[in-house]
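> What follows is each chain in one-letter form.
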Amino acid sequence: MFKGSIRTSALRSSIDALLAVVDEARFNLTPTGVSVRAVDAANVAMVSLELPDSAFDAYSVDKEVTIGLDLSKFIDLLKMGNPDSICEMDLQDSSRLKIKMGSLKYSISLLEPSTIKREPKIPEIELPGEVILRGSDFRQGIKASEPIGDYLVVGIETKPKEIFIMETEGDVDRVTLELDKDDLFSISVVGEDAVRSMFSIEYLKEISKVTSAADEVKLKIGKDFPIDISFAVGDASVRYLLAPRIEAD
Amino acid sequence: MFKGSIRTSALRSSIDALLAVVDEARFNLTPTGVSVRAVDAANVAMVSLELPDSAFDAYSVDKEVTIGLDLSKFIDLLKMGNPDSICEMDLQDSSRLKIKMGSLKYSISLLEPSTIKREPKIPEIELPGEVILRGSDFRQGIKASEPIGDYLVVGIETKPKEIFIMETEGDVDRVTLELDKDDLFSISVVGEDAVRSMFSIEYLKEISKVTSAADEVKLKIGKDFPIDISFAVGDASVRYLLAPRIEAD
Amino acid sequence: MFKGSIRTSALRSSIDALLAVVDEARFNLTPTGVSVRAVDAANVAMVSLELPDSAFDAYSVDKEVTIGLDLSKFIDLLKMGNPDSICEMDLQDSSRLKIKMGSLKYSISLLEPSTIKREPKIPEIELPGEVILRGSDFRQGIKASEPIGDYLVVGIETKPKEIFIMETEGDVDRVTLELDKDDLFSISVVGEDAVRSMFSIEYLKEISKVTSAADEVKLKIGKDFPIDISFAVGDASVRYLLAPRIEAD
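Protein chains in written order, with our numbering: chain A, 46 to 294; chain B, 46 to 294; chain C, 46 to 294.
Since the hints were derived computationally from the structure, they do not count as laboratory data.
Be aware that a few hints might be false.
[Stated by the list, open to error] Using 20 Å as the maximum straight-line C-alpha spacing, the simulated EDC-like pairs for lysine to aspartate or glutamate come out as follows:
no. : chain 1 : residue 1 : chain 2 : residue 2
1   : A       : K145      : C       : D85
2   : A       : K145      : C       : D227
3   : C       : K263      : C       : E207
4   : C       : K150      : B       : E202
5   : B       : K145      : A       : E223
6   : A       : K124      : C       : E207
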């Protein structure tokens, strides 16, 4: 049904990206690549992963198939292989996957896809603000907020100039990370209005751990709208959509 | 009221030095520098910190003021900045401090100084013994004692020659660290008698973690008297005074 | 009774090897060296250590003696010394050992040897299979098994060619490490039959942590027989004998 070879470290990064949101997921194996879309139990965070056949050293799917993976177990096994090894996968029926990393061979049972939370539709939303920044800066803004409060505002100020802000207000303390265009790869807003939305730090924390190693992370921001966070790992692309918490006035 | 800029790592070292003894403290901001004096809840250990204006890149106090700081919270925030960054502080009223490290800005509420345990007077005591040693050697003597017992004797033997000793006796085991003048920067005793006092390892452990990175630590020792432990971090100077536990014969 | 000097790091490695199986042990000090033999409380794993006088910088025993050591306490003390220091030991009576590492001196009470579980006889067994492999490969095979199950099969396949295998089957998953003679220092079986025995991963885990740093580890394997695991640390030699768990068919 499916055979593929990919660098163990690249596969680990992809699985880690999914684990920021869910513990198990359906993988759609098609002739052009692997795609995953999953939403957390609370319907707050969505993740999608596109792993095109070009991300693999070898890739073949003779019949489209969907498999269910326990991501925690899978990452534990991948950690046993040398990160620089090639991970060879062989799926002969949809209930069992064979994995080979160097001298190490695993044969693991898969989850019945129908038992896994259904794939979400990606909502079509227009987000007027866009910022591209270093993964490490995004991470710093979130870490710096953790001692202060539970919610983080992400936004773009437009006057007097465009500034990207991450801000948390606790009961008595406040923290702000401000980055202007000199600190960013790019910043833009459609229209002249500032945009800002508020999110749970808990979710952003997990996501920013994954993106912290990325050279570039793209954020799309609206006014009290979901945030769209995307980045690439080699040929793979990962995207998160996180629902806002509406700010009380 | 106060504005100052200092390397973030230097400020962190100073706060860490206070945290060995207390969790909150009063900071006296004067035109010539910052001074802190605090005693732990059990009145066993005292710490004083002198951070002269020369320790700062920029420093100005237009009106002397005392502020109260939650040290645990403050150190958490300082850890969010790059250690090599400059930490800019701005105090406009005595209830709120603004901190800027690179792109990161905090605004934190201060403690009402009157709610913090009162500053101790530094007792005037004459301690006849004095040793200057590497912070790492002091740390080793204390760590080595931890598996053996709860109390540590610090002293100077004078016969046949001057030797610095740190000694712990447990129920059945004993450990001694002996350093003679070849292993020390200096050793001296006023008079010919040996000096020794016994201390709780719990306190010394916290203090020695702070001093472990110091090139030189100065100890002043008496007979069943407090120990005076002092060291410098750049332009800052830190001093601990720890009450002895009287040895039962 | 006994005086000896040895590099602190070498002594630590030897004690760590024993700690994989027991917490206390009898040390036989003879004119030609130190030997230890111990079996765990469940009589599943045996360890023997031979530390010949050549492993010491200085060594003298004027009267053979057996001492009892609390290994956990002893390793804690050895960790306090610089690994590159020389550990000088001095035993004047069988109840107290003096240890000196640099400026640090310990005097510790010993255990009464009669209170320690009796030394096992090493059973005489002929094991037809023998493999010499890197300690790190042995460790990888065991670590990789931990997420899958509790028991590990160690064996040598003979057809079509000699392959060393480590295999664990859980309820639904399976992992196999296969190494052929290109990946091994040597592999051999007396006769043409495959050999395999099954062991508790819990024991192998502790043992493989100790052997993971060894360049070469020798395994002797039979059919449902104990496994004999041996390696050298400098002049010291360590050997484990681990009882099999009989596979249910």
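> Work down the list of hints and note, for each, if the structure agrees.
Hint by hint, here is what the structure shows:
no.: 1; hint: A:K145 to C:D85; result: 36 Å, violated
no.: 2; hint: A:K145 to C:D227; result: 18 Å, holds
no.: 3; hint: C:K263 to C:E207; result: 16 Å, holds
no.: 4; hint: C:K150 to B:E202; result: 16 Å, holds
no.: 5; hint: B:K145 to A:E223; result: 11 Å, holds
no.: 6; hint: A:K124 to C:E207; result: 28 Å, violated
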